[in-house]
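Undergrad: Working from the sequences, and respecting the hints, build out all of it.
As they're listed, the protein sequences go chains A and B. Mapped onto our numbering, the consecutive letters of the first sequence carry residue numbers 1 to 517. Mapped onto our numbering, the consecutive letters of the second sequence carry residue numbers 1001 to 1680.
Any given hint might turn out to be false.
[Stated by the list, open to error] Subject to a maximum C-alpha distance of 20 Å in a straight line, what follows is the list of computed EDC-like cross-link-like pairs (lysine to aspartate or glutamate):
| hint | chain 1 | residue 1 | chain 2 | residue 2 |
| --- | --- | --- | --- | --- |
| 1 | A | Lys105 | A | Glu155 |
| 2 | A | Lys356 | A | Asp441 |
| 3 | A | Lys105 | A | Glu62 |
| 4 | A | Lys356 | A | Asp264 |
| 5 | A | Lys296 | B | Glu1629 |
| 6 | A | Lys158 | B | Glu1629 |
| 7 | A | Lys296 | B | Asp1633 |
| 8 | B | Lys1377 | B | Glu1500 |
| 9 | A | Lys158 | B | Asp1633 |
| 10 | A | Lys296 | A | Asp347 |
| 11 | A | Lys105 | A | Asp347 |
| 12 | B | Lys1454 | B | Glu1378 |
Calculated directly from the structure, the hints in this document are not laboratory data.
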Amino acid sequence: MTDFPILSVMIAVPLLAALGCLFLRAEGARWLALIATFVDLALGLMLWANFENGGAQWQFVENLPLGGTYLNWQLGIDGIALMLILLSVFLMPICIGASWRSIEKRVPEYMSAFLLMEALMLGVFAAQDLLLFYIFFEGGLIPMYLIIGIWGGAERIKASYKFFLYTLFGSVLMLIAMLVMINQAGTGYIPTLIAYDFAPSLQTWLWLAFFASFAVKMPMWPVHTWLPDAHVQAPTAGSVILAGVLLKMGGYGFVRFSLPMFPDASAQFVPLVFILSSVAIVYTSLVALVQRDMKKLIAYSSVAHMAFVTFGLFAFNRQGIEGALIVMLSHGLVSGALFLCVGVIYDRMHTREIEKYGGLANNMPGYAVLFLLFTMAAVGLPGTSGFVGEFLAMMGTYKVSTWGAIFATTGIILGAAYMLYLYWRIAYGAARTAEASAMRDLSVREWGLLAPIAAAVLWMGVYPEPFLAPMRADVGRLLERTERVTPAGDSRPTAGNPAAAAPAHGAAAHGAEEAAH
Amino acid sequence: MQSITLIVFLPLLAAIVAGLGNRAIGNTAAKLITTGALFISCALSWPIFIAFLNGSAEATVVPVLHWINSGDLQVDWALRVDALTAVMLVVVTTVSSLVHLYSWGYMAEDPSQPRFFAYLSLFTFAMLMLVTADSLIQMFFGWEGVGLASYLLIGFWYHKPSANAAAIKAFVVNRVGDFGFSLGIFGTFLVFGTVSIPAILAASPSMAGSTIGFAGMRVDTMTLLCLLLFIGAMGKSAQLGLHTWLPDAMEGPTPVSALIHAATMVTAGVFMVCRLSPMFEQSETALSVVTYVGLATALFAATVGVVQNDIKRVIAYSTCSQLGYMFFAAGVGAYGAAMFHLFTHAFFKALLFLGAGSVIHAMHHEQDMRYYGALRKEIPLTFWAMIMGTLAITGVGVLGVFGFAGFYSKDAILESAFASGSVPGTIAFTVGAFAALLTSFYSWRLIFLTFFGKARWAGSEHIQHAVHGDHHDHPDEEHGDSSHAVATPQVGTAGYHPHESPWTMLVPLALLSVGAVFAGMAFHHAFIDAEGGAHFWGGSLFFDTHLMHAIHEVPLWVKLTPAAVMIVGFLIAWNNYIRDPSALSRIVAATGSLHTFLMKKWYFDEIYDVIFVRPALAIGRFFWHRGDEQTIDRFGPHGAAYAVGVGNRITARLQSGYLNSYALIMLLGLVAAATWAMTR
Chain A
1 MTDFPILSVM
11 IAVPLLAALG
21 CLFLRAEGAR
31 WLALIATFVD
41 LALGLMLWAN
51 FENGGAQWQF
61 VENLPLGGTY
71 LNWQLGIDGI
81 ALMLILLSVF
91 LMPICIGASW
101 RSIEKRVPEY
111 MSAFLLMEAL
121 MLGVFAAQDL
131 LLFYIFFEGG
141 LIPMYLIIGI
151 WGGAERIKAS
161 YKFFLYTLFG
171 SVLMLIAMLV
181 MINQAGTGYI
191 PTLIAYDFAP
201 SLQTWLWLAF
211 FASFAVKMPM
221 WPVHTWLPDA
231 HVQAPTAGSV
241 ILAGVLLKMG
251 GYGFVRFSLP
261 MFPDASAQFV
271 PLVFILSSVA
281 IVYTSLVALV
291 QRDMKKLIAY
301 SSVAHMAFVT
311 FGLFAFNRQG
321 IEGALIVMLS
331 HGLVSGALFL
341 CVGVIYDRMH
351 TREIEKYGGL
361 ANNMPGYAVL
371 FLLFTMAAVG
381 LPGTSGFVGE
391 FLAMMGTYKV
401 STWGAIFATT
411 GIILGAAYML
421 YLYWRIAYGA
431 ARTAEASAMR
441 DLSVREWGLL
451 APIAAAVLWM
461 GVYPEPFLAP
471 MRADVGRLLE
481 RTERVTPAGD
491 SRPTAGNPAA
501 AAPAHGAAAH
511 GAEEAAH
Chain B
1001 MQSITLIVFL
1011 PLLAAIVAGL
1021 GNRAIGNTAA
1031 KLITTGALFI
1041 SCALSWPIFI
1051 AFLNGSAEAT
1061 VVPVLHWINS
1071 GDLQVDWALR
1081 VDALTAVMLV
1091 VVTTVSSLVH
1101 LYSWGYMAED
1111 PSQPRFFAYL
1121 SLFTFAMLML
1131 VTADSLIQMF
1141 FGWEGVGLAS
1151 YLLIGFWYHK
1161 PSANAAAIKA
1171 FVVNRVGDFG
1181 FSLGIFGTFL
1191 VFGTVSIPAI
1201 LAASPSMAGS
1211 TIGFAGMRVD
1221 TMTLLCLLLF
1231 IGAMGKSAQL
1241 GLHTWLPDAM
1251 EGPTPVSALI
1261 HAATMVTAGV
1271 FMVCRLSPMF
1281 EQSETALSVV
1291 TYVGLATALF
1301 AATVGVVQND
1311 IKRVIAYSTC
1321 SQLGYMFFAA
1331 GVGAYGAAMF
1341 HLFTHAFFKA
1351 LLFLGAGSVI
1361 HAMHHEQDMR
1371 YYGALRKEIP
1381 LTFWAMIMGT
1391 LAITGVGVLG
1401 VFGFAGFYSK
1411 DAILESAFAS
1421 GSVPGTIAFT
1431 VGAFAALLTS
1441 FYSWRLIFLT
1451 FFGKARWAGS
1461 EHIQHAVHGD
1471 HHDHPDEEHG
1481 DSSHAVATPQ
1491 VGTAGYHPHE
1501 SPWTMLVPLA
1511 LLSVGAVFAG
1521 MAFHHAFIDA
1531 EGGAHFWGGS
1541 LFFDTHLMHA
1551 IHEVPLWVKL
1561 TPAAVMIVGF
1571 LIAWNNYIRD
1581 PSALSRIVAA
1591 TGSLHTFLMK
1601 KWYFDEIYDV
1611 IFVRPALAIG
1621 RFFWHRGDEQ
1631 TIDRFGPHGA
1641 AYAVGVGNRI
1651 TARLQSGYLN
1661 SYALIMLLGL
1671 VAAATWAMTR
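TA: Set out below in structure tokens:
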């Protein structure tokens, strides 16, 4: 395995297929895209199988000097990147399958755009060179911009424009920061930069510049307003990949850059991150409660879920960070699946208005079951992936800030309210329109899209070890790096003083001893 | 394979087969599989319980699978079996298997029976995971799992808006409790570095007197943790403040009310407090709070139960009230008595609910007791079963001779409260005795209105439908509606003939009657006797032998108080419903505003609507329109768009088109930034 440039191949396969699609007709492009994404899925599973948990930090390393001092084709992944790559290659065939019949115009170009995006996303998670990362990171915007702008809904131009403007704003600042870093450290090699100690005063500015980019991508309140519009206008598969993978780039950025490269600044900005995350959870959950558009509701819930990620990451402890990473994976699956569920009924009725549905449990029982499962995963029911991530993230948050944990935990109340209210209006009650009650249940193709995600959600919820294990050592390294700046937290329990404090039932202590015999 | 593994996972397996098989396997197969699985679980559970009664069993933990491994946090799926678990095992599997059987008859006409039985079995699995939990997080899994099953079953008839509303309310209000439970788990993990229940309980005494920071305050560590966890218990067990979901949960089919909202799930909070009793013992403040919340609930729910007309709602408020008793028993340190009442209550309350279901079945979906009357002769078996349940809940018995189940458990609670000698204990005794009077009154009122007096069926729309052949295809309370337009019930049978329920429904009633009659006498030695209890519980909960000795030393008037109030309650009910039925309307007229206050359930729903529900929606709309649209977008992207538009108009004079101007601006910007960065 050592000689085989598997990461490059994983990037090259969709890239070549993207080119190939342009020379094919619709049906051929569909099949080529599907095959290419399945090849990448197979390669991704090989990657997982061959990844050595707890081995070298960077595995599958490739280095191809491109001649320049600052830009080199350097690839390599750690466990965190591995998991996000797996998420991407897992969702990709599902996206192609979701677009199989619902995209009718310019199919070759559409498939090409998706494949290009897959290549760029994988590049983001595999890049070990700062500028290479930047190219992939920003390049990923272009196909998404096109997907929303060409194949989107009625107001697609406005939405894609908003999407582009927000993300561009952040990325320009990040590029400047990257150039400063290369100038300072003399290299753009990410593993070196992770170990490099920037002066604390410089860290502050660099952190803020990266934050501008990642906060938009995340998205964090108040730079989240592009997301609902982008989701609403994007075609189903676009929403899946947007929520499933593109939103994870912000979190990945925090883990890869902000925390290890600027630990002092990260610690310094914990209050900012926690306040923004607290506001996000309460604010966007309440907004989600009053939405009438299904996609908008799920989009707002995404913002709330991503706040768990920022909480967990900036908790500077293992539970918080591992929880945040699991939330990223889980949310990628669950929100992707929820957008697919919306897509299933949108394909039949061509409206996103919640009021037009109702009573689907009658005529679409299979759909109702899967939709319920994903709804429960979204509200973090134990046994689903959502619980493992959110619970760990909140647990980690509590260690740093009880206020933060209180606000984060309100999310489980509000989340239940808006998701169950949505489920009621879609699946329960009586059908409000004749078309709704005439819709047929899931087709075999749709089962094929949703069932694998359902299996993954349950697997991650009942036995998350295979997902946690590859990341364990990397989280450990990150914690070592940030150890000296770890916030003390506001709990600070004092040692007990059992002698002075009489037990509630003093005379009973004796009884307990007897009982213990 | 250990029998506990079968006990817990057979219901899950059955739920999966029945749920996914659904129409493919058909009604009979689904019913056979789920009911069969439950009877096997039940048959395997009793030997475990009996082994603990004999003292021949040791506490064991059966590991199943690793779950979450994150640094210090090590959580496994594991099944813990000790005396406390054994009690819950028999309660859960016995009531559940009987409710499964009962549902064969009760749900016979329902078109989605496999789904119903799958949900019932799924619930049982989650409840068993809860009671066998060895870690707080697995307990939380079961906790939320029963919440899910409860949500699904309350909303089982999902085309009814009221059922959906009730289901969501139950889930969300429980989530408010889980908010506290979660924070409690986080805090416990922070303090003890583990979520393993035995480890936490062992370490608890050493943390007495410690202080901790929470939300800007400095508080006693154990008090904080216990109170946070107790918020969870309040939600699940419908204690005052978080009780509002329980009466509405009666929208679910009656077997569900019996299993989930009377015998098992709602007692999970009491179970949790008992399971964690060594922890609660470290904080007197927390225990006082438990006592006061319990006694307040016992009183509140009993007062509301007195005026309800819907038969299921009377029993629901009664459940709420009895849960209050269990909590204040725990609060005064009598955990054994709390568990004893939980145990006996499971039998007699399930019996009362299933009996009510039988009445509703006989009365063609009618749930309003104002349209009942004179059913004693029509459905005699149901009548006698209900009488047994009522004798048990009101605590009928003769000291030292024999008593029905509640006689032993409720008296033990009141006596412990008195014997504890503390201020909360004394208040609990007083309030508890008064609530017992109300309990006796509303229980007998239910019996008198339903089974005695003249038939008042003519006024019921449901009966009218039945008589005029307007046949319902759907069973029972699916079409039930507790708010009737008709104000004054008409006397008369309208020619309707109630029919006794089928054997599938009567057998569970008979078996539960046996429990309601004998459960108290048979097991009081093991649960609450000073020596017997210490032996039986074996450290699975905090057993206070001194307090249990002390309850025998209380003055005679204390021992006689429960019997006295029970008789007074009975006499008031008899006077107003049998001797002089017109007396009641005079009382209602005389106490108009108080009556309305009670009918409106102390206005909790109205108040919550005004202070929580409406503001949440209003604030959501405000944030959406005023926040996102009119502030962030306006000054963010739209402002930028406007600025670019202005810029375009300027550059358009210099350049040929949009694209070039964008590209140029971007390029110039990037070059300038790069130059600055590289040459600095």
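Undergrad: Now look at each hint and say whether the structure bears it out.
TA: Okay, the hints, checked on the actual structure:
{"no.": "1", "hint": "A/Lys105 x A/Glu155", "in the structure": "holds, 17 Å"}
{"no.": "2", "hint": "A/Lys356 x A/Asp441", "in the structure": "holds, 17 Å"}
{"no.": "3", "hint": "A/Lys105 x A/Glu62", "in the structure": "violated, 39 Å"}
{"no.": "4", "hint": "A/Lys356 x A/Asp264", "in the structure": "violated, 52 Å"}
{"no.": "5", "hint": "A/Lys296 x B/Glu1629", "in the structure": "holds, 13 Å"}
{"no.": "6", "hint": "A/Lys158 x B/Glu1629", "in the structure": "holds, 14 Å"}
{"no.": "7", "hint": "A/Lys296 x B/Asp1633", "in the structure": "holds, 16 Å"}
{"no.": "8", "hint": "B/Lys1377 x B/Glu1500", "in the structure": "holds, 10 Å"}
{"no.": "9", "hint": "A/Lys158 x B/Asp1633", "in the structure": "holds, 12 Å"}
{"no.": "10", "hint": "A/Lys296 x A/Asp347", "in the structure": "holds, 17 Å"}
{"no.": "11", "hint": "A/Lys105 x A/Asp347", "in the structure": "holds, 15 Å"}
{"no.": "12", "hint": "B/Lys1454 x B/Glu1378", "in the structure": "holds, 12 Å"}
Checked against the numbered hints given earlier, this structure breaks hints 3, 4; the rest are met.
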